[in-house]
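Protein chains in written order, with my numbering: chain A, 1 to 334; chain B, 1 to 334; chain C, 1 to 334; chain D, 1 to 334; chain E, 1 to 334; chain F, 1 to 334.
Quick caveat, the hints were computed from the structure, so don't treat them as lab data. Be a bit skeptical, because a hint or two may be false.
Identical chains blur together in the list; that is why a pair holds if it fits in one copy or across any two.
Unchecked claim - Below, computed lysine-lysine pairings styled on DSS-like, alpha-carbon distance capped at 27 Å: (1) K100 with K323; (2) K62 with K122; (3) K331 with K170; (4) K100 with K214; (5) K2 with K155; (6) K62 with K2; (7) K331 with K230; (8) K323 with K62; (9) K323 with K211; (10) K331 with K155; (11) K183 with K216; (12) K62 with K331; (13) K293 with K122; (14) K211 with K331; (15) K214 with K155; (16) K293 with K183; (17) K224 with K100; (18) K100 with K331; (19) K262 with K331; (20) K331 with K214; (21) K155 with K323; (22) K246 with K262; (23) K331 with K114; (24) K183 with K246.
Protein chains: 6
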Amino acid sequence: MKVAGFGEIMLRLSTDVGKMILQSDSFNVNYGGGEANVLISLSHFGIDTKMITSVSNDDIGKSILRYLRSYDIDTNFVTLGNHRTGIYYLQVGSGIRSSKVIYDRDNSAFCNMKVGDFDIAKALEDVDVFHFSGITLALSNDLRELLMQMLEYCKEHNIMVSYDSNYRAKLWSLEEAREATLKVLPYVDILSAGILDAENILLMNCELEDKHEKLKYYYDEISKTYPNIKHIFSSHRDIESSSVNKLQCNYYTNGILYLSNKINIDSIVDRVGGGDALSAGIIYSIINNKDPKYVCEFATCASALKHSILGDANLVELSDVEKLMYEGVGKIAR
Amino acid sequence: MKVAGFGEIMLRLSTDVGKMILQSDSFNVNYGGGEANVLISLSHFGIDTKMITSVSNDDIGKSILRYLRSYDIDTNFVTLGNHRTGIYYLQVGSGIRSSKVIYDRDNSAFCNMKVGDFDIAKALEDVDVFHFSGITLALSNDLRELLMQMLEYCKEHNIMVSYDSNYRAKLWSLEEAREATLKVLPYVDILSAGILDAENILLMNCELEDKHEKLKYYYDEISKTYPNIKHIFSSHRDIESSSVNKLQCNYYTNGILYLSNKINIDSIVDRVGGGDALSAGIIYSIINNKDPKYVCEFATCASALKHSILGDANLVELSDVEKLMYEGVGKIAR
Amino acid sequence: MKVAGFGEIMLRLSTDVGKMILQSDSFNVNYGGGEANVLISLSHFGIDTKMITSVSNDDIGKSILRYLRSYDIDTNFVTLGNHRTGIYYLQVGSGIRSSKVIYDRDNSAFCNMKVGDFDIAKALEDVDVFHFSGITLALSNDLRELLMQMLEYCKEHNIMVSYDSNYRAKLWSLEEAREATLKVLPYVDILSAGILDAENILLMNCELEDKHEKLKYYYDEISKTYPNIKHIFSSHRDIESSSVNKLQCNYYTNGILYLSNKINIDSIVDRVGGGDALSAGIIYSIINNKDPKYVCEFATCASALKHSILGDANLVELSDVEKLMYEGVGKIAR
Amino acid sequence: MKVAGFGEIMLRLSTDVGKMILQSDSFNVNYGGGEANVLISLSHFGIDTKMITSVSNDDIGKSILRYLRSYDIDTNFVTLGNHRTGIYYLQVGSGIRSSKVIYDRDNSAFCNMKVGDFDIAKALEDVDVFHFSGITLALSNDLRELLMQMLEYCKEHNIMVSYDSNYRAKLWSLEEAREATLKVLPYVDILSAGILDAENILLMNCELEDKHEKLKYYYDEISKTYPNIKHIFSSHRDIESSSVNKLQCNYYTNGILYLSNKINIDSIVDRVGGGDALSAGIIYSIINNKDPKYVCEFATCASALKHSILGDANLVELSDVEKLMYEGVGKIAR
Amino acid sequence: MKVAGFGEIMLRLSTDVGKMILQSDSFNVNYGGGEANVLISLSHFGIDTKMITSVSNDDIGKSILRYLRSYDIDTNFVTLGNHRTGIYYLQVGSGIRSSKVIYDRDNSAFCNMKVGDFDIAKALEDVDVFHFSGITLALSNDLRELLMQMLEYCKEHNIMVSYDSNYRAKLWSLEEAREATLKVLPYVDILSAGILDAENILLMNCELEDKHEKLKYYYDEISKTYPNIKHIFSSHRDIESSSVNKLQCNYYTNGILYLSNKINIDSIVDRVGGGDALSAGIIYSIINNKDPKYVCEFATCASALKHSILGDANLVELSDVEKLMYEGVGKIAR
Amino acid sequence: MKVAGFGEIMLRLSTDVGKMILQSDSFNVNYGGGEANVLISLSHFGIDTKMITSVSNDDIGKSILRYLRSYDIDTNFVTLGNHRTGIYYLQVGSGIRSSKVIYDRDNSAFCNMKVGDFDIAKALEDVDVFHFSGITLALSNDLRELLMQMLEYCKEHNIMVSYDSNYRAKLWSLEEAREATLKVLPYVDILSAGILDAENILLMNCELEDKHEKLKYYYDEISKTYPNIKHIFSSHRDIESSSVNKLQCNYYTNGILYLSNKINIDSIVDRVGGGDALSAGIIYSIINNKDPKYVCEFATCASALKHSILGDANLVELSDVEKLMYEGVGKIAR
């Protein structure tokens, strides 16, 4: 099995714990982007992965290549483009203070990709699952057009499609998101979307009060409209502080909504990429034909572990996740 | 509106998390002092500020000048004196282990200030609020004399006076503190003082058991004796550990005691300066004529946010405090 | 009073918080080993200490000498051997992710020690308490033989013997541990052993359900069989996460099992060495003839404080432990 | 005397010594831009300074404000614009390996400035010297137009104009530079330009072989054409390696070319900003009416000292430069 | 073209500049080994590479995998073995103080490799050049046997063989080295060996005084005895201090000895791996059919640049080396 | 043989290379003082050492105890006094920029020592050599009085006395120094003093032009006046820059002046303590009865090596110095 991702990768510049950007004499250097984050986690679970993207033709772009390769991701379809690499600054919060992200991503090499930049058939010929997010959709018309051609190819070649809605108000309006989403949903097999996506983007609504009943109702509706979508999931997060969250995964398949145990995550080190770690957990479980209960528990544990690791990517292995899942948090592993 | 502060600024040398001084190969460099801490926070809220102090005429003193200027504080009345800059070492605690402060502040440039060192009228001519603390009072007779002349000037020119009692047993006895306090209270408009100050310094007592009733009683007494004091406040802290505190602000005005919501602060990064951040929140709210409920909630949120920031000073902006106040601790701000 | 320890000291290479070994550009350098950890803590409590061990004859071995001396430990019986210094890598966990230890300790200078390497009588002539652990027993036949001669000497010269069972499955089988343990118990005065040790190594069992009743039962049995063992203790740990534990000490003497208060330890910095800090607390209290309640409370507080300090060793002083014991976790110590 | 600068300030992200960008886990954070660099150095020499620029309205832009204010630079004409802050990455060279700069500066807040953004008369009303560089000229037509209006104002109000040619091939062609340069030279009093500027931009040439004779010839020509230009200077650098350079300043006034002593600079820490430190040295000397020999020696020493300081800016004081100038490099200053 | 390397990779733990191991609170983490160093440099020159080795099956071994992959090296024949990863400690010298290496490499996964561990034909089927060193030969009889089978395969399949003599007295005696060397030389095409190798290992001698004449004589002799060896090279280093060296390459082919220019390398950052960078430069040039003058100049420049980079590996690209070769050390590359 | 030192030890706070104090976010922590520096170096040469001093009774003082003990220095006569520990700030220079020291040492625990603080007989009973410096003399009258009693004891008990003149103009006038020096010289066996000391303190003069002849003349005079002084030495330093010095030692005994080879020290890491390393080299050689040529070469090499090590103290061993002395600076020690 091989999973491909198509999306942007940015340079991430983050502060040390307890430091505001205003006070920072140095930034920690990482790289991140939703689709790459998913692939890196999958690679640690033993899945073959391939990234399709474009980065700047300079030392920053080459550092991203180095980063992807280090995690054994196929980079044959990562081009060194003529534009810059986007950046995001992360002011790491703690306790009562929220983390803060500042984007400086305009006009990046990835934003400037368009139909014809690469041979879609070649890029996807050895691929079993194709993953992308709403952020890729939001970045440009050219990207949307390119993406639709890739989705067509997937449909024709039985490549499973995973779509993470991930709406970002700073990138596009709800109307634009709706229009694009309606176009891509008929191609999707695995969907990451929650109540807000259902209501704000898909314009659904219902009078159910209970959160999970409401979610079930929306997921039923989505399944009816798009019978191709066989897996829908989202997570719920109780935020006590920037350092303490409770996490639960909602996973829907074959008309049933499964809820994982709630995991209490304290001493959070880095919350960014928690959603991508969840997606990777879901995709891993699905392509390994795990039962639905496993799917949502595994994904929740995977996502929870991500919160303890600096950087966007989840670097734990299969055995680490299953150990947490079956034995709980424990003693020092000696 | 312009707020002036008169007090000492020290070099602060602190350990990394989890390290004792005994183990430390390096110290983090910051600068701090109650009055300066208040000004820096006010400056981030958009208030004009001015520091009146003296530091050593060397690179340490100049670094303090640089530090104050960087936060847009008027330093025209910061002199480079002939004595050293005081130091405090901070061994940062965590969890069950308390933080520890070692002072090495004797014979500093500030301690050696006296009447005649600067022109009080010039220093205060553009000032609306004058802030000082009990520490300044405690340091020397010369300083006390100088301060009394400044308070006289404030009274004559309708400059609002803010006084933070802040008793430190290592600096003077309760008797000395009482004598000095009784002299300054007739000049004060805004007073930071709690139950211990009332009982130990002002020799009040009452048989009420409830903490808040007792506080109300003392504040009533203080108001009666000193009708000039229109605002009194203090904070209450439930200390679960060095890393987890609950914080509540008590704010008294017009005969009514307002209590803020209790805020749970976990993963505390740096507690030093939490009280100064509270004072800045109170002063900001008062000079902006906020209603009493706002005053105490704003100050509590401001102080709580300080706990997440390295260094003595609160670097958050108005919008950060109000966001916490109205929306609670939340998602990553993107 | 002088306490000697006989055991291995390793170079410890640890990651920064939030970093996996896979991501680490640097390792923090510390040194550790159960017996040395106990001695360092005792030295901070004002007890004379002496280490008996062997390290590599190179800059790593000399760094260990420097480390021991810095804490005022007598190193006259630390030899620079012809083999390497063992290493352990510590990937520091946080929150939901457990810490992980990788040992690379084979064929170390200590493992290669044997009878005749030093003059036992000279090494122990000024010693009042002799401390060693099951790890030393596990490392080689030569070490076991050497140890038995040292225990004989202790018996003949009324040197109190403290033994920390500390079973490690990676070093030897339960059978091997049983055989060695049965040989050393007749020499022991102070024993650190818990329910698992009683059941798995000593093959005890009982039908009591309650954890403390069961422990009491086992400790009674051990006392009956080995009347020489006058103090037995263990700790119990409720693990909420890698960052939050609750700790309680069980201390048995004269047929009575004393339980300390449970201490909630949050924001754990470094859990390694927590057990050694407990042992040091017990030994300190016993040689100072403290009453049993003090013994277990003091040891628990000592161990709890260790969790807030980087490195294997507990660096707090007597007054720090007693302050936590009598006043609880508190304000900044100024 | 007050000196104003008009130019861009970028975030500078640099590697540690010996590290390539490809290997870097963190970047050192500084801020830099030719005009700001000149002002910061002048401020350390005791000159009043004012920056006119625009930065992003986010924490990066505010950090630049903090940076400028910390060095006592008037920031009343620094606006928080609607565009990003430009970035430059600096891979620090050493020995045989050259430093490398990667620019990511397109579409910055400064690039987007235009006539009408601020009131030129107000910005320059208290200014005695106006400094700008060819980089500002190169960035956009709007900036060129705005600059011409500022130069007109300077001429009308007897504000001395200092222009640093500083041609950068990546920003514009020689033809564009020529056209712009010819427009600004009639306004200039102090010119930084070397042989390459004379030949490539001003299309001068001569058959003299000796470097200094040739320079003298060009400077004579420039003076004849632009009698307003009363000071011309440049530096010459013998590059032994990235770590060892020899530096000499050429200063021309009243028809005479003065050459400074050659200074050998070894163990270079940071060469960026060396030219700006030279300009600051020249401007300082001129506005203090120093004799020509002092002018070029002082500027050379100032520039040389800059090479020993991390970051773009020269932070030494007047007395540091004069000490090097009169006493040479010396013992530890105690 | 694809180059394979067969050798050990160790964890490298190094001190910061100016720190002795005795003072070090942290070690910088890198990975190194002669053959891997050569491959990483070749990979940066655009050559396909493959590593054949074994590392420990733990996070240290996996970090080495990550490291190799990050530089695009084929790791399909890197196994995770049942033994440890070797370590070397590097105390970085500076100026008058030499760097110091302490090895702790016994009983590593690589040392334990033997015939049958992998399928030689599969490992070498796509390989054009095979590189190994005397260190690999020295480590064990099993490795020597395995290596001889690999060399046989190379001979049969026209794979070019590159051998770096690299005698280390701590690993084996001159007699052992001689015996092994005589066995491998008949298979070698490219040989790295100097005067000491010729005299001490090959027992050659001559009465020529001039260093280069002597070298030419030995190289002539070697060529005569082993006509298969078509390229021989070595470097000469004038050591002024740990921070300043002069480097020259001696390259012999077709009976002619070519000498490169002497390059002065000051401010040396990290000398380890300089020889491997030279080998990579030679191999790159040979497989690209460069003329002999280019071969030795390119290799010298490559090796010189390595001295400016932290870690064992040379990370510069082709264009960086050629720039130094054709333009010399220069200005900041903007 | 045991060497005792009597002097002050300060906390040393230093900047990173290339950073001014003004820019520093952290300070490196070391401890230093001339006499302690000499003892630490001697301890590394295998000599027994004892420090007599007083430090603050807090974590800074205890860190100094830890520091001394780590290097195996007898601390039984280091008291924890009632006053502060002095501090010195070191702004590390490089290249053209000199290092800069700021003292903040007034009113330290050591300065407050006086006769009666300890039992001189006990302190010196096991001592063979007593070392002190002019700085100790300069600090207070009480110290001078105490010192004279110690010198009396030395004379009576045949303890060799080593005195390092080390005049510091900031501490006392030349007149005060002269008076004190004349009192101590009759007790001295080993004297560190140079031309400036002879001329400015001892008021000698001569018309010889040659530096070495002049020194010989002065040393002859000193020997004649004080026949007890059997060894006199000083060093000469050619300062090319803060990073490059040439060092030579002048050693006089039995009427002959020996000059060491000049050693070129480049890439200087830390020059502070270079003189103390020289003294330690001299003392080591004398008490080991080395011949005069060895004495001055050994001391020069020891001092040169110190320049490559961070901190005040010379941490090299005997074999390191002799290796430099006999083999010169060399290859990597593997």
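Go through the copies and call it for K331 and K114: within, between, both or neither, with a Cα cutoff of 27 Å. Answer is neither: 51 Å inside a copy and 33 Å across each miss the 27 Å cutoff.
At most 27 Å between alpha carbons: which applies to K155 and K323, within, between, both or neither? neither (37 Å within a copy, 46 Å between copies)
Cα distance capped at 27 Å. Does K62 pair with K122 within a copy, between copies, both, or neither? For K62 and K122, only the intra-copy Cα distance (23 Å) is at most 27 Å; the inter-copy one is 31 Å.
Within a copy, between copies, both or neither: where do K100 and K214 come within 27 Å Cα-Cα? neither (30 Å within a copy, 41 Å between copies)
Is it within a copy, between copies, both, or neither that the alpha carbon of K100 lies no farther than 27 Å from that of K323? Result: close only across copies, 13 Å inter versus 32 Å intra.
If the cut is 27 Å between Cα atoms, do K214 and K155 qualify within a copy, between copies, both or neither? Neither: 31 Å inside a copy, 64 Å across copies.
Reference check for the pair K323 and K62, CA-CA at most 27 Å: within, between, both, or neither? between (36 Å within a copy, 20 Å between copies)
Pop the pair K323 and K211 into one bin, within, between, both or neither, using alpha-carbon distances up to 27 Å. Classified as between; 25 Å across copies, 30 Å inside a copy.
How do K100 and K331 come out at 27 Å by Cα distance, when the copy is not named: within, between, both, or neither? between (33 Å within a copy, 9 Å between copies)
Alpha-carbon proximity between K331 and K170, which holds within one copy, between copies, both or neither at 27 Å: Close across copies (15 Å), not inside one copy (43 Å); limit 27 Å.
Checking K211 and K331: alpha-carbon separation at most 27 Å within a copy, between copies, both or neither? between (35 Å within a copy, 19 Å between copies)
Is it within a copy, between copies, both, or neither that the alpha carbon of K262 lies no farther than 27 Å from that of K331? both (21 Å within a copy, 18 Å between copies)
Hints 4, 7, 10, 13, 15, 16, 17, 21, 23, 24 from the list above are not met by this structure, while the remaining hints are.
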